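Enquirer: Here the protein sequences come in this chain order: A and B. Okay, so the first sequence: first residue is 6 according to the working numbering, each after it adds one. Okay, so the second sequence: first residue is 632 according to the working numbering, each after it adds one.
Since the hints were derived computationally from the structure, they do not count as laboratory data. Please read these numbers as outputs of a predicted model, since none were measured by experiment. Hints may contain errors.
[Unchecked claim] Here are the simulated distance ranges between beta carbons: (1) A:A136 <-> B:Q718: 37 to 45 Å; (2) B:D635 <-> A:P50: 40 to 48 Å; (3) B:R750 <-> A:V116: 34 to 42 Å.
Where is the CB? At the ideal position from N, CA and C, for every residue including glycine.
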Amino acid sequence: MRDDPTVIALVQRANDGDAAAWDELVERYAPLVWSICRRYRLDRPDADDVGQGVWLRLVEQLPLLRDPAALPGWLATTTARECLRVRRTGQRRQVHEKPLDETVASGQSPVLEQELLAAERDAALRTAFAALPEQCRRLLSLLIADPPVPYADISASLGMAVGSIGPSRARCLDALRRSPQLSALSDRGGVR
Amino acid sequence: MSDDDRLLADLGAAVRRAQEVPPEFLATARASYAWRTVDADLAALTYDSAAQPATTRAPAAGPRALTFASADLVVELEVGPDGCQGQLVPPGPGRIEVHTAGGEVSVVEVDDVGYFAIRPVPAGWFRLRCRPAGGGTEVVTSWVVG
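So that you can see chain B by itself, here it is in the shape it has in the complex (with noise of 0.2 Å):
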């Protein structure tokens, strides 16, 4: 095979495997960029018991427990099987909106002690948009899935 009978069948590999995409892999992909966020902090995730390595894979029983973080407040979450309780800290009421990735909003209300329930769990990728009940900038997480 010359050189270039070589770079040839790169080139067709390069432009089939380009090719072997599915439109709507593609699709939303390119969806995904409506989300983003200028006017909120981002709480990272920071611990999340389901990514632990396999040896130490929390028992199947017990919820999946997800931490954010953000400069500012961190969000504690559980995962159970019928819903999602949370946790604000520093604690405080509010107001958080769950978005899904889909385009679904829901709000729930955070009461004086900083904790919220969302049931059921939401479908899909979601991530909370948190507003504090005394203003101030609004934290929004990382997207998960539940």
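Looking at chain A on its own, in the form it has when it is part of the complex (with noise of 0.2 Å):
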């Protein structure tokens, strides 16, 4: 994923002035500085500060970024940065202030390594998923509904026999994990 052609793309057209490519950069990636917002437990005021600013600096860094494929690791590391800062110097801050893991703030931190493989497999996921043909999304986002859906409802909605759920379902996760963007995480033993 770090190598991500998608990525470089994105990146590229979004510095060119495409407000589209910028769109989905954000809905790929925010998820990612949001869960590094809640892994510091800022509250909501400061998570949206955090969010903010991370965004503005990519804006401006755009033309700088050297190599766009580490565009994830970056925003995770200013991210990781600015929950420090907004922890350390914020005017709301917590009389009881638990010790945080500055290595965090390096980019070196384990758990911060850990969001952000975690954040490239879902962002891949949900790539790979959102380009399935419709009766699969269809199918799936049933399927991963929660709670879940009983099979006679799916089978009701769908217009699909409850007896060929079970074989769509196999040949939808299927097409899921042969999907590009996957079969890359696949490579490197990202995904199962």
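Put the two chains together into one complex; each comes in its own frame, and the hints tell you how they fit.
Expert: Pasting the structure below:
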């Protein structure tokens, strides 16, 4: 994923003025920025403050990103650093501040690395999912619903015999697994 | 758990993690693109006293010191409780626009020796757009928060 050609293309297009490419970068990586803010247990105003700063910085850094493929790592490190700043200097500082792992800000932290890998895998899964045929997307959406949707209801809403849900599920998951995004990940042992 | 079950569970988790992101958080991220600047040089943040490791933290009473640098201009900025004061290097007169991420713009004059003051400290994220009196390339600083 670090050398994902999609990310490189999106960064280049956003830098050339393509707002749709920017939106796609946001869709892809806002969950990463958000999850790091959650890791730091920031309250909502502080998380908004951090998020704003991270994206403003990215806009200004677009022309300077020498290695667009390193974007996810840059986002994770920048977010962690901003979270630390907010926690350290924020006016809303708590009296009982929990000690924080300063190595997180250096980008070397195992926690940050873990968030980064999870975020890249999530993004690959979502992108691959979005590229599936509509029938598969509808079926899988119902199958991942929480709370679970009974097969009888899935059958009714998709007009599909209960007996063919199982085989369709297997076929759609196989298509998901074979998608270019996920194959790239599984080559590096990133997805099972 | 079969491979299919695991893949389905992973997909569910990936979709849910995207859904957990509040809509306003996404909206702010998308809107940031409007700040893309193509007509000025960037003076990047090269020093921030508040970003130093905790062990070398500046005394709490001192103002926060920031340095921004482009190829042709250095902007020194001190952020105190009541306002900011700054210095352009090389020194010279001009104007500075203070832009906040919220969209407000205010203008301060830079005196003949490159000094300027901003009162009060801008709310939230802001950056400075420096316009030298004699014309020439404008410079915008990185975004900072007071």
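Enquirer: Determine for every hint whether it applies to the structure shown.
Expert: For each hint, the structure was consulted:
For A:A136 and B:Q718, the hinted distance range of 37 to 45 Å is not satisfied, since their beta carbons lie about 53 Å from each other. One distance hint, 40 to 48 Å for the beta-carbon pair B:D635 and A:P50, holds here, with the actual separation near 42 Å. Separated by about 41 Å at the C-beta atoms, B:R750 and A:V116 satisfy the suggested range of 34 to 42 Å.
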